[in-house]
Amino acid sequence: MTLIVALILILLLVTGIRKWKKNKLAAILLFSPIVICILFVSFFLFHSIDRVKPDSLIFETSIENSRVHVSGSWSERLDYYHFPTDYLIFYIPDNKSAGTVSRSRTDMNTKMDWKYLMEDVEHAIKREGLSELEPQIYDVKTEKDFHFSFTLPDGVKAEELEIYYAHVREEPMESLEYWFKRVQITGGK
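Per our numbering, residue 1 is the first one in the sequence shown, and the count goes up by one each step.
Treat the hints as calculated values from the structure; they're not laboratory data. For glycine and all other residues, C-beta sits at the position ideal for the given N, C-alpha and C. Possibly wrong hints are sitting among the right ones.
The list that follows gives simulated cross-link-like pairs (lysine to any residue, SDA-like), each with its CA atoms no further than 20 Å apart [stated by the list, open to error]:
hint, residue 1, residue 2
1, Lys21, Cys37
2, Lys144, Glu60
3, Lys115, Glu177
4, Lys157, Lys21
5, Lys141, Ala124
6, Lys111, Thr85
7, Lys126, Arg182
8, Lys53, Glu143
9, Lys181, Phe83
10, Lys141, Arg103
11, Lys181, Gly155
12, Lys141, Glu170
13, Lys181, Ser66
14, Lys53, Leu130
15, Lys126, Tyr178
16, Lys157, Asn95
17, Lys53, Ser75
18, Lys111, Phe83
Computed beta-carbon distance windows for the label pairs [claimed, not checked]:
hint, residue 1, residue 2, range
19, Arg18, Glu170, 40 to 48 Å
20, Glu170, Thr100, 26 to 34 Å
21, Ser62, Glu171, 31 to 39 Å
22, Leu78, Glu160, 28 to 36 Å
23, Gly99, Glu128, 19 to 27 Å
24, Ile4, Leu78, 30 to 38 Å
25, Trp114, Leu13, 48 to 56 Å
26, Arg77, Ile8, 49 to 57 Å
The task is simple: from the sequences and hints, build the whole structure.
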């Protein structure tokens, strides 16, 4: 298929060059599919190379009573191929539950295969080797500015928690890619 497209583009180029002196409008029309193909390929190459990095994600945390509030924002724009949802990964001593985690979720909630996604996230976490504790995974909508909050479990201090933000990238015809950034909880009660 690629060979056929390449041959057609070469034929258009040669024909356009030969027609240039006689009929410039016809030559420009013959060159236009070549220009469109170059723009199309450039678009995909640019977005394949253009990736956000963990350093562009900034967190602000605060603690009120036993409720922890985390606001996040991206200093750069989100990458074009970001997945509709990212993940929050909690590691809590004694594998206590994070309880209710308030966060915004994607509108595509009902259309996603959550079993597959959770298995994929768990495999990525194991590959990364973030902690020996059991991860508690929550989805969060991928947005430029976002907020989530949760209640500290009884007997657990904020410094004992390990929270990671997992950003997911989904390029066409590729498997999901992950990177992780630790959320440092600061702020007094």
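Comparing the hints with the structure gives:
1. About 24 Å separates the Cα atoms of Lys21 and Cys37, which puts this hinted pair outside 20 Å; it is violated.
2. Taking the CA atoms of Lys144 and Glu60, the gap is near 14 Å; set against the 20 Å cutoff, the hint holds.
3. Straight-line distance between C-alpha atoms of Lys115 and Glu177 comes to about 17 Å, which keeps the hinted pair within the 20 Å bound.
4. For the hint pairing Lys157 with Lys21, the CA-to-CA distance comes to about 79 Å; that exceeds 20 Å, so the pair is violated.
5. Taking the CA atoms of Lys141 and Ala124, the gap is near 19 Å; set against the 20 Å cutoff, the hint holds.
6. Annotation: proposed proximity of Lys111 to Thr85 holds, straight-line Cα distance about 12 Å (limit 20 Å).
7. For the proposed pair Lys126 and Arg182, the alpha carbon gap of about 15 Å is at most 20 Å, so the pair holds.
8. Between the alpha carbons of Lys53 and Glu143 the distance comes to roughly 15 Å, so the proposed pair stays at or under 20 Å and holds.
9. Pair hint Lys181 plus Phe83 holds up; C-alpha atoms about 16 Å apart against a cutoff of 20 Å.
10. Simply put, Lys141 and Arg103 have alpha-carbon atoms about 8 Å apart, close enough for the 20 Å limit, and the pair holds.
11. Our distance criterion of 20 Å between C-alpha atoms is broken by Lys181 and Gly155, whose separation comes to about 25 Å.
12. Taking the CA atoms of Lys141 and Glu170, the gap is about 15 Å. The hint holds against a cut of 20 Å.
13. Straight-line distance between C-alpha atoms of Lys181 and Ser66 comes to about 23 Å, which puts the hinted pair past the 20 Å bound.
14. Taking the CA atoms of Lys53 and Leu130, the gap is about 18 Å. The hint holds against a cut of 20 Å.
15. About 12 Å separates the Cα atoms of Lys126 and Tyr178, which keeps this hinted pair within 20 Å; it holds.
16. Note on Lys157 and Asn95: the hinted pairing holds, with a Cα-Cα distance of about 14 Å set against a maximum of 20 Å.
17. Distance restraint check for Lys53 and Ser75: the Cα-Cα separation of roughly 10 Å lies within the 20 Å cut-off, and the hinted pair is therefore satisfied.
18. Between Lys111 and Phe83, the direct Cα distance comes to roughly 14 Å. Compliance with the 20 Å bound is thereby established for this hinted pair.
19. Range check, Arg18 to Glu170: about 44 Å between beta-carbon atoms, so the 40 to 48 Å window is met.
20. Between Glu170 and Thr100 the beta carbon distance is about 28 Å. The supplied range of 26 to 34 Å therefore holds.
21. The given range of 31 to 39 Å is respected by Ser62 and Glu171, whose C-beta atoms sit roughly 36 Å from each other.
22. Leu78 and Glu160 have their C-beta atoms about 31 Å apart, which keeps the hinted 28 to 36 Å range intact.
23. Between Gly99 and Glu128 the C-beta distance comes to about 25 Å, which sits within the given range of 19 to 27 Å.
24. Against the hinted window of 30 to 38 Å, the Cβ-Cβ separation of Ile4 and Leu78 comes to about 36 Å, which satisfies the hint.
25. The hinted window of 48 to 56 Å between Trp114 and Leu13 holds, with their beta carbons roughly 49 Å apart.
26. The hint said 49 to 57 Å for the Cβ distance between Arg77 and Ile8, and at roughly 36 Å that hint is violated.
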